[in-house]
Amino acid sequence: MQELSLSHVYFGVLAMAISLGAVLAAGKPTLKPTKFQAVWEGYLRFVRSMVLENIGHEGLRYVPLIASIGLFVFFSNLLGMIPGFEAPTSNVNTNLAIALTVFLLYNIEGFRLHGLGYLKHFMGPNPYLAPAFFLIELISHLARPITLTLRLFANMKGGALLLLVLVNLVVKNPFTMAVSPLILLFIIAIKFLAVFIQTYIFMILSVVYLAGAVAHEEH
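Residue 226 is where the sequence shown starts when you use this note's numbering, and the numbers rise one by one after that.
Careful: at least some of the hints might be erroneous.
Pair ranges (Cβ atoms, derived) [to be verified]:
#: 1; residue 1: 307; residue 2: 254; range: 26 to 32 Å
#: 2; residue 1: 266; residue 2: 348; range: 28 to 34 Å
#: 3; residue 1: 245; residue 2: 363; range: 53 to 59 Å
#: 4; residue 1: 250; residue 2: 362; range: 40 to 46 Å
#: 5; residue 1: 325; residue 2: 289; range: 17 to 23 Å
#: 6; residue 1: 348; residue 2: 242; range: 43 to 49 Å
#: 7; residue 1: 417; residue 2: 357; range: 43 to 49 Å
#: 8; residue 1: 355; residue 2: 413; range: 48 to 54 Å
Since the hints were derived computationally from the structure, they do not count as laboratory data. For every residue, glycine included, the Cβ atom is placed at its ideal position computed from N, Cα and C.
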């Protein structure tokens, strides 16, 4: 397990503070929305649409959770774009904490809504092959928080290292000064796009896992 340095803790708290600040900046809803309110409402509509498409109206209770996860992951990723700052999501422990929260929640919700019948989700369609399906599904579910963790970690850590290498290339090698800035801008643009994409992937996978757990069995 990667050592959790105090810097990642501090930047994680900073990401949470920025997320809270973004919500408070929207202010009290008004008929003529401010720019912050318009952005916030647009984000909530996006999350709501994501939940409705994958879970249905009964999944609206999860909108605050998914929206909060999205804000924290987004601003955590974004901090890694600032020189001298570290993205909390470039640390395995931060990502694992979020992934385990999602993992525990969707399984708790599955048992809450279906009772022991939730285990039918692990049995597959054929009762004769149920033991084999159960083992496969169990391994698959246990792997979910790991894959969520490592996917986000690899992209954020890899992007940060690439930016560091290119900055050093520009600063220390005058021969490449004419070309490297253009490459650097291109990489920054790609990394900025990755900030959005990785946030979306984390959110949509969380919603999909919830959808699978709370879905009603068709008979």
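Hint check results:
no.: 1; hint: 307 x 254: 26 to 32 Å; verdict: holds, 31 Å
no.: 2; hint: 266 x 348: 28 to 34 Å; verdict: violated, 42 Å
no.: 3; hint: 245 x 363: 53 to 59 Å; verdict: violated, 37 Å
no.: 4; hint: 250 x 362: 40 to 46 Å; verdict: holds, 43 Å
no.: 5; hint: 325 x 289: 17 to 23 Å; verdict: holds, 19 Å
no.: 6; hint: 348 x 242: 43 to 49 Å; verdict: holds, 45 Å
no.: 7; hint: 417 x 357: 43 to 49 Å; verdict: holds, 45 Å
no.: 8; hint: 355 x 413: 48 to 54 Å; verdict: holds, 51 Å
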